[in-house]
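Keeping the supplied structure of chain G fixed, place chain B with the ligands upon it in accordance with the hints.
Protein chains: 2
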Amino acid sequence: MRIALLGGTGDIGKGLALRWGHDTDHDIILGSRDPEKARAAADEYQETLADHGVETKITGFVNEMAADRADVAVLAVPAYHLTDTVEAVADKLDDTVLVTPAVGMKRDDDGFHYNPPPAGSVSALAADAAPEGVPVVGAFHNLAAAGLTDLDTEFDWDTPVFGDDDSAKATVMELAAEIEGLRPLDVGGLANASEVEALTPLLINLASENEGLHDLGVKFW
Amino acid sequence: MRIALLGGTGDIGKGLALRWGHDTDHDIILGSRDPEKARAAADEYQETLADHGVETKITGFVNEMAADRADVAVLAVPAYHLTDTVEAVADKLDDTVLVTPAVGMKRDDDGFHYNPPPAGSVSALAADAAPEGVPVVGAFHNLAAAGLTDLDTEFDWDTPVFGDDDSAKATVMELAAEIEGLRPLDVGGLANASEVEALTPLLINLASENEGLHDLGVKFW
Ligand SMILES: NC(=O)c1ccc[n+]([C@@H]2O[C@H](COP(=O)([O-])OP(=O)(O)OC[C@H]3O[C@@H](n4cnc5c(N)ncnc54)[C@H](OP(=O)(O)O)[C@@H]3O)[C@@H](O)[C@H]2O)c1
Ligand SMILES: NC(=O)c1ccc[n+]([C@@H]2O[C@H](COP(=O)([O-])OP(=O)(O)OC[C@H]3O[C@@H](n4cnc5c(N)ncnc54)[C@H](OP(=O)(O)O)[C@@H]3O)[C@@H](O)[C@H]2O)c1
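For the record, the sequence lines run as chains G and B.
Sequential numbering from 1 applies to the first sequence in my numbering.
Sequential numbering from 1 applies to the second sequence in my numbering.
Isolated chain G (complex conformation):
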């Protein structure tokens, strides 16, 4: 499978790229608005993986080219720029599954708060921006990038996955399950997005209020 991480130069993109690079044989393709930046990040992640005994080729391209080469494209960009990013790559998305891990939050003195757009959820924004027929799947919202990025960190986390296209959702759940220590859980369709997105500020608030809990994940049982 060819997995593109659009905005893969950032935190969650790096974490997912390293974990899929480490735990699977999938082709990892980094996207950026700036192809030079993508190539530099690709080299850096490749070196990190080599330091962990994994020889693999990661490539870097401008987001459009990365999406064009991918079966699955993760929108690893801030929620505010999700629509722009989908629109930038829209022409390249035949048969591509779009994945959104994006959460809209605002912060004040009390902590972080879920801040959904008028569409109801950030995932609904992505679905509205996606060309007709391109499936959008939500996943990975509740993973701490720092935990993924440090390959010496072991975890035992769940990630809720949702989407209206069952086959696209199944593809993303399989990719998630291939990351060691990660269990994807089906949580239905896009209509259930906001409760999943709201989990992220809860995790951040819990981490900030409780000593010894940082880079927090979640397990359902």
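A few of these clues could be false.
Claimed, not checked - Lysine to any residue pairs mimicking SDA-like chemistry, simulated, CA-CA at most 25 Å apart:
no., chain 1, residue 1, chain 2, residue 2
1, B, 106, B, 11
2, G, 219, B, 113
3, B, 219, G, 147
4, G, 106, G, 68
5, B, 219, G, 215
Think of the hints as simulated: they come from the structure by calculation, not from any bench.
Chain B with the ligands in isolation, oriented as in the chain G frame:
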């Protein structure tokens, strides 16, 4: 400590009454709109506890009288009736800590959805209804009543606890920690309520979409 469960004739009230009755020496006081119903439930829970080898006295009263006797009063009533219930007992609440486990949800074909009132959260409703100076603490939203009620069920669950009065929050966290298998986690003030309340429909959706996951709880790590 004297703990009143207002609406303790219902599911979550029964679960908390049985667990505190089983795991602690606190006085358990059941409240109901109907004192006869409260007394019948008290007898029933006492018998269940006796069957599990615990001899303890549970008492039952109309909600107002239950609140009057309590140090801590749990609002174990549906979200829609929270304000009414607080108003009914308002005169009896000197030095009482009010606890809300209530979540507002709506259901459609896709699943359960968080449905906060205009106040922003159900907890904010309770705080608005409470007399000046009576602290409101949120806790227990994410516990499955069925898991609590069956005393043979063992669990290892977290419950996020929030509130603006640190001393009241600490009291409720101690009471929560005394239930075996339950870990309270501080999640700041009332302003952080909605992300906690939204966890409940997420848990219900996860349970309904994934075989083998029912009466689901959550652990943060
Ligand atoms: N960080 C986490 O722990 C975490 C965990 C789960 C989910 N998430 C979600 O994942 C998404 C990305 O988070 P992150 O922490 O990785 O963000 P980030 O590091 O701040 O940004 C990711 C990338 O987005 C691109 N970007 C920035 N501004 C942009 C713009 N105006 N238009 C298009 N692309 C832009 C940048 O790539 P280029 O400059 O290379 O184009 C940047 O490297 C967010 O929606 C977040 O809610 C984050
Ligand atoms: N069930 C769960 O697993 C669970 C878990 C966590 C949180 N919660 C929350 O806890 C609260 C109670 O849930 P539940 O499942 O226990 O509810 P429930 O069993 O449906 O009702 C609890 C009690 O509320 C009282 N009540 C009903 N209508 C009322 C009204 N109009 N005014 C005042 N009291 C009324 C009834 O007591 P009387 O008839 O004796 O007065 C009833 O036994 C809800 O807000 C829910 O979101 C539930």
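The hints, checked one at a time:
1. B/106 x B/11: holds (18 Å)
2. G/219 x B/113: Status holds; Cα separation ~20 Å.
3. B/219 x G/147: OK: residue 219 of chain B and residue 147 of chain G at ~17 Å, within 25 Å.
4. G/106 x G/68: violated (33 Å)
5. B/219 x G/215: holds (14 Å)
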